[in-house]
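S.K.: Below, each chain spelled out in residue letters.
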Amino acid sequence: MTTGRMSVRWRDDALPLALLGPAVLYLLLLIVLPMVQALVLAFQGDDGTFTLEHLRRMTGDVAFRDAIRNTLVLLILIVPAQIVLALVMALLVHSRIRGHEWFLYVYAIPLAISDLAAGILWLSVFTQNGYLNTVLQALGIIKEPIVYLSYENIAMVIGAIVIAESWRATALVLVILVAGLQLIPRDYFEAADLFGASRLRRTVHVVIPLLRPSLQSALIIRTIFAFTTFAAVFALAGRNLPVVAGEAYNWSVVARDPHVAAAYALVLLALAGAMTMVYLRVLGTSETQRAR
Amino acid sequence: MRGVSRSFGRTPALRTVDLDVHDGEFMVLLGPSGCGKTTLLRTIAGLERPDAGAIAIGGRDVTSLAPRDRNIAMVFQSYAVFPHMTVRANIGFGLRMRRTPKAEQARRVADAAALLGLEALLERFPGQLSGGQRQRVAVARAIVMDADVMLMDEPLSNLDALLRLQARADLKRLHGEVKRTTIYVTHDQVEAMSMGDRIAVMGDGVIVQCDLPMAVYDHPATQFVGGFIGSPPMNFVRGAMSDSAFVAEGVRLRLERPPRAGGEIVMGVRAEHLRIGAEGLPADVLVVEPLGSHALVTVRVGGVPVKIEAPVDIGLRPDERIHVAVDQARIRWMDAATGTAIR
Amino acid sequence: MRLPYAVDRALVYAVALLLAAWVLVPLYFIGLAAFSTPDAAYSYPKALLPVAPSAETMRFFLDSRGVVSSIVNSFAVALLTIVIALLLGAPAGYALARFAFRGRDAFAVLVLTTKMFPIAILSIPLAVTFLQLGLYDSIVGVALVHSAMALPFVILVTSGVFVAVSHELEEAAQTLGCSRWTAFLRVALPLALPGLAAAAIFTFVISWNEAFASTILTLRSRTLPALVLTALDQSPITFKFAGGFVMAAPAIAFIFLMRRYLLNLWGGR
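As they're listed, the protein sequences go chains A, B and C.
Just so you know, we're using this note's numbering here: the first sequence kicks off at 1 and counts up by one.
Just so you know, we're using this note's numbering here: the second sequence kicks off at 1001 and counts up by one.
Just so you know, we're using this note's numbering here: the third sequence kicks off at 2001 and counts up by one.
Rather than coming from a laboratory, the hints here were simulated on the basis of the structure.
There may be inaccurate statements among the hints.
[What the hints assert, rightly or not] A partial selection of chain C residues facing chain B, derived with a Cβ cut-off under 7 Å:
{"hint": "1", "residue": "D2137"}
{"hint": "2", "residue": "L2169"}
{"hint": "3", "residue": "A2172"}
{"hint": "4", "residue": "G2177"}
{"hint": "5", "residue": "C2178"}
{"hint": "6", "residue": "V2187"}
{"hint": "7", "residue": "P2190"}
[What the hints assert, rightly or not] Covered stretches of chain C (chain A as the covering partner; in silico rule of three or more C-beta atoms under 8 Å from a C-beta of chain A):
{"hint": "8", "stretch": "2060-2072"}
{"hint": "9", "stretch": "2155-2162"}
{"hint": "10", "stretch": "2209-2221"}
{"hint": "11", "stretch": "2242-2255"}
[Claimed, not checked] Looking from chain C toward chain B, a few residues come up when the C-beta cut is under 7 Å (computed):
{"hint": "12", "residue": "S2166"}
{"hint": "13", "residue": "E2171"}
{"hint": "14", "residue": "Q2174"}
{"hint": "15", "residue": "T2175"}
{"hint": "16", "residue": "L2176"}
{"hint": "17", "residue": "L2191"}
{"hint": "18", "residue": "D2233"}
For glycine and all other residues, C-beta sits at the position ideal for the given N, C-alpha and C.
Chain A extracted, bound-state conformation (with noise of 0.2 Å):
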């Protein structure tokens, strides 16, 4: 009786749906409607049949194609160094060292830093005049500064940008994967050696498994959102390596062509769009297994 008291909630119908229903509608108004009018915006031209002028406009552009390939580079980089960064930090914070609040506390600082932000921070640290140069120098190893950030060296600017971004977004991955961790039964993290073989191997074989669901979702989310990061981007290498989120931008703000946009923030959410309906494919095996 004890246990299943703990799950008993309130049998009404009327109530909830009362509740709840402010909150669907807003969400719905806000989501379903522009998506329908960005449809509209791509599709339609200005005599109101539709055109696919805006779409050709788009694909058409130099900077398109470029624009989908870095954002794919991007995420290749990022996303695995994010998700070791993030698991070496969870793992640290869940094996109770002392003080372990705190680093969570502090890893989990990026978590509120916007990309802008993140890339103006490391913008002090990669520009010619910035501290990186700073500190190799004055440790001896180089003798003058380096340009990191020029559009003739694209690796360095690319290599600044995945550092940035892995410093913001490492702390969204550590927060799904020590909740993650928490679901896991302590015993498997029993022995005391983290570097120790056998504790490597454990980490392999035992926690990464069991942490399969947490690292699969913190996969899904980090994806789709750095479709949508850009700011970073702009920050290190201003407008020399186009992205896809930006060129959406750019479109918008700058070009002030909405249908253009439109069919850019199509494009964004239709692979935002496949990434959730991986996410659910995933979420809904991953309880299905939990149910069994």
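Here the structure of chain A is known, so what remains is to put chains B and C in place on it, guided by the hints.
M.R.: Frame of chain A, contents of chains B and C only:
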């Protein structure tokens, strides 16, 4: 309470329950987990709506009233002591809600606190109290309301064993002093036996038997009741009648007063009504458990294990062959198919 | 291979501290840059310790056109967002925590899905709609989008908060003379207040940080991130450093205030 039923989805939690509780009575609802006893209590409180049936308190139909209009008071299993209020504010909460005059509030809170020995703790917050103290706050908070009916939902189940014994005696004394009509839910049959004026045994959403504690103990209405009440529970041996003798696997018991029943029947007999001696039914000793005041001997009779209360110095060993005499006046017979008692 | 216990512990703490430094050092640098003289911002090599602190860079930033009003706008949008998101989200979270009802699962899926839905992108078509409705370039329009972004989080956090407040407390209050509503007000709400405050803070963070929608939906009523984003091309580095600091610094306080609820926001999938 007349014909109350309630179901959740397609699972019936209460199936047409009838129950009369007398004024000033201490009624215990006893049953295993999931038998519907808590649902019944919550329905009386008004926290659940019955699908059918009616509930009256003191002749007043309260079926469609909100909990606050029923003049009931309830002690919850988790105590539900408000953590953001002092003990004093907790006990006085109901009186404040009823807008009782300030002076009377203070007097009644002081009385209730004195009754439960909480005077020294009035300014504390629940977080600073032990489990037993919180339980007493919950009882005081209910007592102070002067309600027509006190409802208690397993109020002792979260206490440790020693404290539970003490709290049980306290609650019984309290009921003796205030004589409030009380409906008390528990799954602990010892609690039920020791506290209840009457016990309503519930199983599967119905009240199986409602009677005085000793009547329930001596004359269980069904095999379920006999098996639930008593420690150890009643022994049951399945067999059939043949020429005024009860026959089961390997045993034949000649009866002085055979039951009027044919076909498969079950013999029910309590551990204290069996005696190990020179004659009687042949049995093999399985386990001997010395319990201090007596020993509990488990033997095999008629193919099933049977528990016997024996002197602690009985000196038996497992696998020993013995004989068991039955106090025939204390045998209870049940129908094997339905489990109901044959009178 | 087994390491001696002391060595193992030392390594664990070394890694933990190294990762803490990885998070904190860039924050330290931006603080250093924001509170030095504009000359120091261009000089090289830079001082790695606050040897000559100066408010001059910050003053230059705050004196720049539109900065103060954009900070005011950011606050106004964030507060409006908190009001909308909490008014809509807290009742929904409560319903999710307390009731079994038809459509509960469907609603839970809707919340989880919208949590990761890139709502900011929708500001592109919304800008056109808002133009027709007279909401374009207004604080209200931005707050509407921000509260849609925050709403799933508010629902999840408040639902977690109310689950932690036992339903028996509210029921006890009901048997003691409260109606359902007064039981909620007197018992559940006071106990849920810290959690609701955390939800409000997180809502503030979402709104305070959001640049994409704020830029697309405004022209003159810029929020701080919108202003800094649109000025990235033409502004001196001192402006960026000070702006970056003003945007990032509150995070230290925000995360501290809601540290107990962090796992509720993203955990539990």
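S.K.: Against this structure, judge whether each hint is valid.
M.R.: Status of the hints after comparison with the structure:
1. D2137: 45 Å, violated
2. L2169: 5 Å, holds
3. A2172: 4 Å, holds
4. G2177: 3 Å, holds
5. C2178: Status holds, d = 6 Å.
6. V2187: 6 Å, holds
7. P2190: 5 Å, holds
8. 2060-2072: Violated, because only 0 residues of the stretch 2060-2072 of chain C bring their Cβ atoms closer than 8 Å to Cβ atoms of chain A.
9. 2155-2162: violated (count 1)
10. 2209-2221: holds (count 6)
11. 2242-2255: holds (count 9)
12. S2166: This interface hint holds because 6 Å falls under the 7 Å limit.
13. E2171: 5 Å, holds
14. Q2174: 4 Å, holds
15. T2175: Nearest chain B Cβ about 4 Å off; hint holds.
16. L2176: 4 Å, holds
17. L2191: 6 Å, holds
18. D2233: 53 Å, violated
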